[in-house]
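*Asks:* Order-wise, the sequence lines are chains A and B. 947 is the number of the first residue of the first sequence in my numbering; add one for each residue after it. 5 is the number of the first residue of the second sequence in my numbering; add one for each residue after it.
Rather than coming from a laboratory, the hints here were simulated on the basis of the structure. Heads up, a few of these hints could be off.
Label pairs and their calculated CB-CB ranges [claimed, not checked]:
id, chain 1, residue 1, chain 2, residue 2, range
1, A, Ser1049, B, Val23, 50 to 60 Å
2, B, Val23, A, Ser1150, 53 to 63 Å
3, B, Asn418, A, Phe1073, 47 to 57 Å
4, B, Ser57, A, Gly1106, 50 to 60 Å
5, A, Pro1072, B, Trp43, 26 to 36 Å
6, B, Trp43, A, Gln1100, 50 to 60 Å
7, A, Leu1114, B, Ala428, 51 to 61 Å
8, B, Trp43, A, Gly1047, 19 to 29 Å
9, A, Asp1158, B, Ser57, 52 to 62 Å
10, B, Leu15, A, Ser1049, 35 to 45 Å
11, A, Pro1072, B, Asn418, 48 to 58 Å
12, B, Trp43, A, Glu1050, 36 to 46 Å
Derived coverage of chain A by chain B (criterion: at least 3 residues anywhere in the stretch with Cβ under 8 Å from a Cβ of chain B; other residues may be distant) [what the hints assert, rightly or not]:
id, region
13, 994-1001
14, 1028-1036
15, 1053-1063
16, 1083-1093
Taking lysine to aspartate or glutamate pairs in the DMTMM-like style, the calculated list, with each CA pair at most 25 Å apart, reads [unchecked claim]:
id, chain 1, residue 1, chain 2, residue 2
17, B, Lys63, A, Asp1031
18, B, Lys168, B, Asp244
19, B, Lys362, B, Asp45
20, A, Lys1093, B, Glu363
21, A, Lys1074, B, Asp50
22, A, Lys1074, B, Glu54
23, A, Lys1074, B, Glu359
24, A, Lys1093, B, Glu54
25, B, Lys362, A, Asp1149
26, B, Lys168, B, Glu222
27, A, Lys1093, B, Asp50
28, A, Lys1093, B, Asp143
29, A, Lys1193, A, Asp1006
30, B, Lys358, A, Asp1149
31, B, Lys358, A, Asp1006
32, B, Lys358, A, Glu1050
33, B, Lys362, A, Glu1050
34, A, Lys1135, B, Glu363
35, A, Lys1135, B, Asp244
36, B, Lys362, A, Asp1006
In this text, all values refer to a predicted model and were calculated from it rather than measured experimentally. Quick reminder that beta carbons are idealized off the backbone N, C-alpha and C, glycines included.
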Amino acid sequence: MARRQSRDVAGMSHESHVAPSSDTRYGDPAVLRLVKVNKYYRVGTHSLHVLQDVDLDIADGEFVAIMGASGSGKSTLLNILGILDDYEAGEYYLGDTLIRGLSESRAAHYRNRFIGFVFQSFNLLPFKTALENVALPLYYQGITRRKRNQIAMQYLERVGLRDWADHLPSEMSGGQKQRVAIARALIGKPRLILADEPTGALDSETSQQIMDLMSEIHRTGITVLVVTHDQDVAARTQRTIRLRDGKVLGADDAGFSHPRIPVTTAAT
Amino acid sequence: MVVAFLLLLGLFVVLAVLVLVVFLVIATLQMIRIAIGQWRDVVSLDRWGEVFSTIGRNKLRTALTTISVAWGIFVLVFLLGLGRGLDHGMRHNFAREATNGVWVMANKTSVAHGGYDVGRKLMFDNRDYEREKKIPGIDHISGQFFIRGGAFGGGEMMTKRGGKANVFQINAVHPDAAYFEQHDMVAGRYLNDDDIRHRRKAVVVGRPVVQFLFEPGEDPIGQWVEVAGVPFQVVGVFGDSRGAEQERQLYIPVSTAQLAYNGGDKLGLFAFTVGNSGPAETQAIIDTFVGDLAERYNFDPSDKQAVRVHNNVEQFSRFQMLFLIISLFVTLIGLGTLAAGVVGVSNIMMIAVKERTKEIGVRKALGATPRSIIFMIIQEAVFLTGVAGLLGLAGGVAMLELVGAANLTDFIYNPSIDLKIGIAATLFLIFAGALAGYFPARAAARVNPIHALRDQ
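Go ahead and model the full structure; you've got the sequences and the hints to work with.
*Replies:* In structure tokens form, the structure reads like this:
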């Protein structure tokens, strides 16, 4: 519902010929690039301009946080990045591929092969064991059950839950569930992990553990993008992108600098 | 005004139905396209594992769907079968006499006419037979002579062979009598025109007669038996599907009987069939028939007592109408139950899919295509309704067998269902189940995972 809230938008600025914004950083190829992406939601006769000329450049192997108040357009952005929603204007490149107006099955294919999702509420299937949950993305790759379970076991081991393979999510703690979910996000060997408030439902200690795991994943070379409103979480990433009213806030962290609002950590 | 309104209403209904049909056809085509695209899932053990785990997980839903579908099919099959049983029962009860048969029996006048007093006893003769058989519309006709002075004052006469003797019903008839009864010749032949012409002492006997008079294994054909003191040669043995009573009879040529039992050329009864004539045509034939007799024997043609007419055509058509209405009614109830089953399945599928929005969101985020999700739900629906439909079909057929075997009443005979109809009904329900799954599945496959998964 958040995306439907307020944000009264007067004019719809149409994209014009503007040179591509910030170029690739660190010399790495961009894994993810948004150029002047615009998204509107029609609500009755009004049109909400939820994303306005969003430029985004995430280099391969970056660890980035996206922050913003509710209604700032984060979830819309996440939808677009996750190829779960389309956009009206602009360009979104995942690797070299322009993601626009894809058929549902192609979108599903890209999601399956390139993106791993981690959610706030874990979203494990409650009737499947940890192992089966982790193996699910491989089911949609058409891999046989035995092979699937074998691979899933390796990933469970990686998140330290080998002994919990045959347990149902209901028998596990929040942190364990999130680790299962992360294993599930990783099993498809994605280039990009999209985490939507991954610590939102966890206590601070468990949150730390999960973020440790995220950092670890990042160190293996996978690009990690975390949507959060938690400063502590954002602080553990390399870069924070702030959204407000559907726009990316530039200045303060447009650059390479990691330091951000040094004092506010206590303000949460 | 009213007519215009009704016309408009009719047009509206027709249009609505048309739109619905087009809508359903389009949905079906889409469904088929998806099914073709996902054909691998039909043979994928892995996929069926997913489907079974869902079905097994939602025991209440599974039970409700199964019951509503199975019950719908069960009731439909049972009612259709019962309707058929009623129809069979009616035909069976009528079968003892041809459904297109008419019987005209000589009796006593009850109205004074042409100078004759009431109470005059009438009797037909061979000349009537010769004349009446030319009436157009009559395709088979037989006269019957009643032998008087039988053991019980009727046609039952002592039949003897060797040391054995028993009383059987004797019928002296023309060969066309074969068309009024449900006889199956077990051995030999029936009476023929030569028997009549040459007044042969030929007799056709029922199976119990043979059993009584002959030793087991003995061939009765060509053997002589004594019928009411006159020897007759057995030319044929018949069976009758209606039972022993109809088989404890003998048939002899009417001409022979008139000679042997002092009947002159008298006949007491005419029986004839009218081909495919309807009730009105049959009545016209009867009027001509009775009119001829009235003219010849000088009785009032409107005298209901002078000759007694039994008209099976009219009775049969009246019964047919009644049973047609019953069948229609029963079918309507069955279809109604089936429709209720379809609605039930739709509802359950709708709720089931709603419940699984989150699961569908997860699957989508993990790379499931919308088609794969839609087809998974259709597979579930088809499997559930299919199994339930077959259960209902089997239950209905078993129940019909039970009712048929119990032989509760003469009105129901051999209740059964055309298996094609049963299978068609089951297929229809499976199709309905697939559609019932398709619509909510399509809606569910459109959900945006982030939204589906956010609400907690």
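*Asks:* Confirm or reject each hint.
*Replies:* Tested hints:
At about 29 Å, the CB distance of Ser1049 (chain A) to Val23 (chain B) disagrees with the hint of 50 to 60 Å. Separated by about 59 Å at the C-beta atoms, Val23 (chain B) and Ser1150 (chain A) satisfy the suggested range of 53 to 63 Å. Between Asn418 (chain B) and Phe1073 (chain A) the Cβ separation comes to about 49 Å, which falls inside the hinted range of 47 to 57 Å. Taking 50 to 60 Å as the suggested C-beta distance range, the pair Ser57 (chain B) and Gly1106 (chain A) does not conform, at roughly 27 Å.
Between Pro1072 (chain A) and Trp43 (chain B) the CB atoms are about 30 Å apart, so this pair conforms to the stated range of 26 to 36 Å. Between Trp43 (chain B) and Gln1100 (chain A) the beta carbon distance is about 32 Å. The supplied range of 50 to 60 Å is therefore violated. The hinted window of 51 to 61 Å between Leu1114 (chain A) and Ala428 (chain B) is violated, with their beta carbons roughly 43 Å apart. Restraint check, Trp43 (chain B) to Gly1047 (chain A): a C-beta distance of roughly 27 Å satisfies the suggested window 19 to 29 Å.
Take Asp1158 (chain A) and Ser57 (chain B): their Cβ atoms lie about 34 Å apart, and the range 52 to 62 Å is violated. Checked against the hint of 35 to 45 Å, the C-beta distance between Leu15 (chain B) and Ser1049 (chain A) comes to roughly 41 Å, which is consistent with it. For the hinted restraint 48 to 58 Å between Pro1072 (chain A) and Asn418 (chain B), the CB-CB distance of approximately 53 Å keeps it satisfied. Separation of Trp43 (chain B) from Glu1050 (chain A) is about 18 Å and departs from the stated range, judged on CB atoms against 36 to 46 Å.
Coverage of the region 994-1001 of chain A by chain B is violated [criterion: at least 3 residues with CB-CB distance below 8 Å; count 0]. With 3 residues bearing a CB less than 8 Å from a CB of chain B, the region 1028-1036 of chain A meets the requirement of three and the coverage assertion stands. A count of 6 residues in the region 1053-1063 of chain A with a Cβ less than 8 Å from any Cβ of chain B is obtained; the coverage claim is therefore met, three being the minimum. Counting residues of the region 1083-1093 of chain A whose beta carbon lies closer than 8 Å to any beta carbon of chain B gives 6, which reaches the threshold of three, so the coverage claim holds.
In summary, the hint linking Lys63 (chain B) to Asp1031 (chain A) is not supported, as the alpha carbons are separated by about 35 Å, beyond the 25 Å threshold. For the hint pairing Lys168 (chain B) with Asp244 (chain B), the CA-to-CA distance comes to about 24 Å; that is within 25 Å, so the pair holds. About 22 Å separates the Cα atoms of Lys362 (chain B) and Asp45 (chain B), which keeps this hinted pair within 25 Å; it holds. Distance restraint check for Lys1093 (chain A) and Glu363 (chain B): the Cα-Cα separation of roughly 23 Å lies within the 25 Å cut-off, and the hinted pair is therefore satisfied.
Only pairs whose Cα atoms come within 25 Å are accepted, and Lys1074 (chain A) paired with Asp50 (chain B) is accepted, the gap being roughly 14 Å. Taking the CA atoms of Lys1074 (chain A) and Glu54 (chain B), the gap is near 10 Å; set against the 25 Å cutoff, the hint holds. The straight-line distance between the Cα atoms of Lys1074 (chain A) and Glu359 (chain B) is roughly 16 Å, inside the 25 Å bound, and the hint therefore holds. The straight-line distance between the Cα atoms of Lys1093 (chain A) and Glu54 (chain B) is roughly 17 Å, inside the 25 Å bound, and the hint therefore holds.
Taken as a hint, the Lys362 (chain B) and Asp1149 (chain A) pair is honoured in the structure, with Cα atoms around 24 Å apart against an allowance of 25 Å. Proposed proximity of Lys168 (chain B) and Glu222 (chain B) is supported: the alpha carbons are some 15 Å apart, at most 25 Å. Between Lys1093 (chain A) and Asp50 (chain B) the alpha-carbon distance is near 12 Å, which keeps this suggested pair within the 25 Å criterion. Proximity of Lys1093 (chain A) to Asp143 (chain B) is assessed by CA-CA distance (about 80 Å); at most 25 Å being required, the pair is judged violated.
Between Lys1193 (chain A) and Asp1006 (chain A) the CA atoms are separated by roughly 23 Å; this keeps the pair inside 25 Å, and the hint holds. This hinted pair does not check out: Lys358 (chain B) and Asp1149 (chain A) have alpha carbons roughly 31 Å apart, beyond 25 Å. Pair hint Lys358 (chain B) plus Asp1006 (chain A) does not hold up; C-alpha atoms about 39 Å apart against a cutoff of 25 Å. This hinted pair checks out: Lys358 (chain B) and Glu1050 (chain A) have alpha carbons roughly 21 Å apart, not beyond 25 Å.
Distance hint between Lys362 (chain B) and Glu1050 (chain A) is fulfilled; the C-alpha atoms sit about 18 Å from each other, no more than 25 Å. Taking the CA atoms of Lys1135 (chain A) and Glu363 (chain B), the gap is about 22 Å. The hint holds against a cut of 25 Å. Using a Cα cut-off of 25 Å, the hinted pair Lys1135 (chain A) and Asp244 (chain B) is violated, with the two alpha carbons roughly 81 Å apart. Straight-line distance between C-alpha atoms of Lys362 (chain B) and Asp1006 (chain A) comes to about 31 Å, which puts the hinted pair past the 25 Å bound.
In this structure, the hints that do not hold are numbers 1, 4, 6, 7, 9, 12, 13, 17, 28, 30, 31, 35, 36, in rising order.
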